[in-house]
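Peer 1: Starting from the known structure of chain A, fit chain B onto it as the hints suggest.
This is what each chain is made of:
Protein chains: 2
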Amino acid sequence: MNGLTEVSSHKCFGGYQKFFTHESSECKAKMPFSIYIPKQAEKGKCPTLIFLAGLRANEQNAAIKSGFQRLAAQYGMIVACPDTSPRGLNIEGAEDTWEFGIGAGFYIDATEEKWRKHFRMYSYITEEFLDLLVKHFNVNPEKVGITGHSMGGHGAMIFGLKNPHLFKSISAFAPICNPSISPWGVRAFKGYLGNDISTWKEYDTCELVPLYNGPPREIFLSQGTNDPWTPDKQLLPENLVEVCKGSDTVTLNMDIREGHDHSYFFVASCMEDHVKFHIQQME
Amino acid sequence: MNGLTEVSSHKCFGGYQKFFTHESSECKAKMPFSIYIPKQAEKGKCPTLIFLAGLRANEQNAAIKSGFQRLAAQYGMIVACPDTSPRGLNIEGAEDTWEFGIGAGFYIDATEEKWRKHFRMYSYITEEFLDLLVKHFNVNPEKVGITGHSMGGHGAMIFGLKNPHLFKSISAFAPICNPSISPWGVRAFKGYLGNDISTWKEYDTCELVPLYNGPPREIFLSQGTNDPWTPDKQLLPENLVEVCKGSDTVTLNMDIREGHDHSYFFVASCMEDHVKFHIQQME
Numbered sequence: 227m228n229g230l231t232e233v234s235s236h237k238c239f240g241g242y243q244k245f246f247t248h249e250s251s252e253c254k255a256k257m258p259f260s261i262y263i264p265k266q267a268e269k270g271k272c273p274t275l276i277f278l279a280g281l282r283a284n285e286q287n288a289a290i291k292s293g294f295q296r297l298a299a300q301y302g303m304i305v306a307c308p309d310t311s312p313r314g315l316n317i318e319g320a321e322d323t324w325e326f327g328i329g330a331g332f333y334i335d336a337t338e339e340k341w342r343k344h345f346r347m348y349s350y351i352t353e354e355f356l357d358l359l360v361k362h363f364n365v366n367p368e369k370v371g372i373t374g375h376s377m378g379g380h381g382a383m384i385f386g387l388k389n390p391h392l393f394k395s396i397s398a399f400a401p402i403c404n405p406s407i408s409p410w411g412v413r414a415f416k417g418y419l420g421n422d423i424s425t426w427k428e429y430d431t432c433e434l435v436p437l438y439n440g441p442p443r444e445i446f447l448s449q450g451t452n453d454p455w456t457p458d459k460q461l462l463p464e465n466l467v468e469v470c471k472g473s474d475t476v477t478l479n480m481d482i483r484e485g486h487d488h489s490y491f492f493v494a495s496c497m498e499d500h501v502k503f504h505i506q507q508m509e
Numbered sequence: 227m228n229g230l231t232e233v234s235s236h237k238c239f240g241g242y243q244k245f246f247t248h249e250s251s252e253c254k255a256k257m258p259f260s261i262y263i264p265k266q267a268e269k270g271k272c273p274t275l276i277f278l279a280g281l282r283a284n285e286q287n288a289a290i291k292s293g294f295q296r297l298a299a300q301y302g303m304i305v306a307c308p309d310t311s312p313r314g315l316n317i318e319g320a321e322d323t324w325e326f327g328i329g330a331g332f333y334i335d336a337t338e339e340k341w342r343k344h345f346r347m348y349s350y351i352t353e354e355f356l357d358l359l360v361k362h363f364n365v366n367p368e369k370v371g372i373t374g375h376s377m378g379g380h381g382a383m384i385f386g387l388k389n390p391h392l393f394k395s396i397s398a399f400a401p402i403c404n405p406s407i408s409p410w411g412v413r414a415f416k417g418y419l420g421n422d423i424s425t426w427k428e429y430d431t432c433e434l435v436p437l438y439n440g441p442p443r444e445i446f447l448s449q450g451t452n453d454p455w456t457p458d459k460q461l462l463p464e465n466l467v468e469v470c471k472g473s474d475t476v477t478l479n480m481d482i483r484e485g486h487d488h489s490y491f492f493v494a495s496c497m498e499d500h501v502k503f504h505i506q507q508m509e
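Residue numbers (the numbering used here), protein chains in the order written: chain A, 227 to 509; chain B, 227 to 509.
Just chain A, with the same shape it has in the complex (with noise of 0.2 Å):
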């Protein structure tokens, strides 16, 4: 396959659960991918769900830890998982912190000159991950739902409502709603885009609900009770319950699950009703 090299290949619930690297134009860097590629891709083109992970984790965590494949396997879906940030680049600073740098790319373009020419998250998924998927497996460009957890859930929301064009539906677990004022937010966005924080609304998925223009949009937002970083403010999902309140266009899903924490033994709980709804508002 021109371009990208298989790591490995298992067989999961009837298709193949792969991973795979490529050398990516856009980061500059080898680029780890995991992809679940169900029977039903054999015989023809496939609704296909990006899942973005969080923070410290990378293309491994949901197909080892969410059981996705089962559901992707009974719905016919592809299941891509990108990495978290460019790695092993060596840039001063880049592993200090698991909130900052290695495996926190945020899933924007960094403007600063010590990250700009790698940390290019957004421009990955968006202008060569996507185009890569459609390019080697039998992607169906016109159903490609976008999901993710914690930093990918943002990632997930702000990919879906800046390119409508691209993702047909959007689902979140216990995403980060509003990282212009998250501790977590704040330190990435000053740190890969400057101090200017007009520049961060573009990446703020609260900032983004009133700007939204595209069709309209059901967000499917999971979130535990007992998640740890709800007191710490770094979610702040009642922000966005409020913003989507004033839009025509922008629907929010709430899935309060009573109870459930931050980990992949949430996620797992919450996938069945996510595929289900990606499948359906696919179609």
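Everything labelled a hint here was simulated from the structure, so no lab data went into it. Since we're looking at a predicted model, the values are computed, not measured. Keep in mind that the hints are not guaranteed to be accurate.
Chain B stretches covered by chain A per the calculated footprint, using a threshold of three residues with CB under 8 Å from any CB of chain A [unchecked claim]:
#, region
1, 233 to 243
2, 281 to 295
3, 491 to 497
With a Cα cut of at most 30 Å, we get these calculated DSBU-like pairs of lysine-lysine [as the list claims (entries may be wrong)]:
#, chain 1, residue 1, chain 2, residue 2
4, A, Lys244, B, Lys291
5, B, Lys244, A, Lys459
6, A, Lys237, B, Lys269
7, A, Lys291, B, Lys471
8, A, Lys256, B, Lys291
9, B, Lys502, A, Lys502
10, A, Lys291, B, Lys369
11, B, Lys291, A, Lys265
12, B, Lys269, B, Lys237
13, A, Lys502, B, Lys244
14, B, Lys237, A, Lys459
15, A, Lys502, B, Lys237
16, B, Lys269, A, Lys291
17, B, Lys291, A, Lys269
18, A, Lys237, B, Lys237
19, B, Lys459, A, Lys237
20, A, Lys291, B, Lys256
Where a beta carbon is used, it is the ideal one built from N, C-alpha and C, also for glycine.
Peer 2: Chain B only, in chain A's frame:
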């Protein structure tokens, strides 16, 4: 909870996935375990499945990777996963290789001087872990089944065949069926039990089947056709097939999985059939 330390607890499919440690008197070490407690355990005693992990694995692998929680929730089954050996004991050479020592206890009671004080996984499971489960959780002691992956599948079969009064059902995922003559098994048995191979037989499923004198027992065994350990003759299910042909009381239910390998993607794909098997056998 007396003698147990809860490390973490995660709501999952309506129940809780919990992680504990306790001080083991058999292994003279702090031992971790994981346990899934379905909602049904709030109201009464539940059928319980013990899952034994393979080489290098621990109490977390099945809980994170195999997706059993959805099924355990559906069938009201507790699932408990012990570790694969004691750890952190500064035994010389215990961490030299992944095939022997730490993470490779082989579910036997060592007799060789260097190992016999701590490496007592056989007695740990039968004399201590099972009692601990019954004492601290809503385990129905009349409905306990045992399963495992690879080295853990070997463990499940020897525990089940040697203790039909304790374990009412046996299954295995790609188990080491004939360790006395497989490279992994020979290394472990020589190391833990010494050179007298007559002592190895009591921990070898292929030797135990002809000696089995309990009630009729069916072993459900899943094996992938693309398992990389097959060419190395580590697993030898074909030997178990032959031995069971000569048995009146032990039936081998071989579940051959076309194209599957040895990973947890294989385990996850087969899990539903195993849970259903145990529930049915326990009725």
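Peer 1: Each hint should be assessed against the structure and marked as holding or not.
Peer 2: Structure-based check of all given hints:
Residue count for the region 233 to 243 of chain B with a Cβ under 8 Å from a Cβ of chain A: 6. That meets the three needed, and the coverage hint holds. Counting residues of the region 281 to 295 of chain B whose C-beta lies closer than 8 Å to any C-beta of chain A gives 4; at least three are required, and the coverage claim holds. With 4 residues bearing a CB less than 8 Å from a CB of chain A, the region 491 to 497 of chain B meets the requirement of three and the coverage assertion stands. Restraint check for lysine 244 of chain A and lysine 291 of chain B: satisfied, since their Cα atoms lie roughly 16 Å apart, inside the 30 Å limit.
Taking the CA atoms of lysine 244 of chain B and lysine 459 of chain A, the gap is about 26 Å. The hint holds against a cut of 30 Å. For the hint linking lysine 237 of chain A to lysine 269 of chain B, the alpha-carbon distance of about 39 Å lies beyond 30 Å, and the restraint is violated. Between the alpha carbons of lysine 291 of chain A and lysine 471 of chain B the distance comes to roughly 39 Å, so the proposed pair goes past 30 Å and is violated. Annotation: proposed proximity of lysine 256 of chain A to lysine 291 of chain B holds, straight-line Cα distance about 26 Å (limit 30 Å).
Taking the CA atoms of lysine 502 of chain B and lysine 502 of chain A, the gap is near 25 Å; set against the 30 Å cutoff, the hint holds. Of the pairs offered as hints, the one joining lysine 291 of chain A and lysine 369 of chain B holds, with about 28 Å between alpha carbons and a cut-off of 30 Å not exceeded. The suggested pairing of lysine 291 of chain B with lysine 265 of chain A holds, with an alpha-carbon distance near 21 Å, which does not exceed 30 Å. About 17 Å separates the Cα atoms of lysine 269 of chain B and lysine 237 of chain B, which keeps this hinted pair within 30 Å; it holds.
Pair hint lysine 502 of chain A plus lysine 244 of chain B holds up; C-alpha atoms about 28 Å apart against a cutoff of 30 Å. Pair hint lysine 237 of chain B plus lysine 459 of chain A holds up; C-alpha atoms about 21 Å apart against a cutoff of 30 Å. The straight-line distance between the Cα atoms of lysine 502 of chain A and lysine 237 of chain B is roughly 22 Å, inside the 30 Å bound, and the hint therefore holds. Simply put, lysine 269 of chain B and lysine 291 of chain A have alpha-carbon atoms about 29 Å apart, close enough for the 30 Å limit, and the pair holds.
With a C-alpha separation of about 29 Å, the suggested pair lysine 291 of chain B and lysine 269 of chain A falls inside the 30 Å cut-off, and the hint holds. For the hint linking lysine 237 of chain A to lysine 237 of chain B, the alpha-carbon distance of about 29 Å falls within 30 Å, and the restraint holds. For the hint pairing lysine 459 of chain B with lysine 237 of chain A, the CA-to-CA distance comes to about 21 Å; that is within 30 Å, so the pair holds. For the proposed pair lysine 291 of chain A and lysine 256 of chain B, the alpha carbon gap of about 26 Å is at most 30 Å, so the pair holds.
Violation of the numbered hints given earlier is confined to hints 6, 7; the remaining hints are satisfied by the structure.
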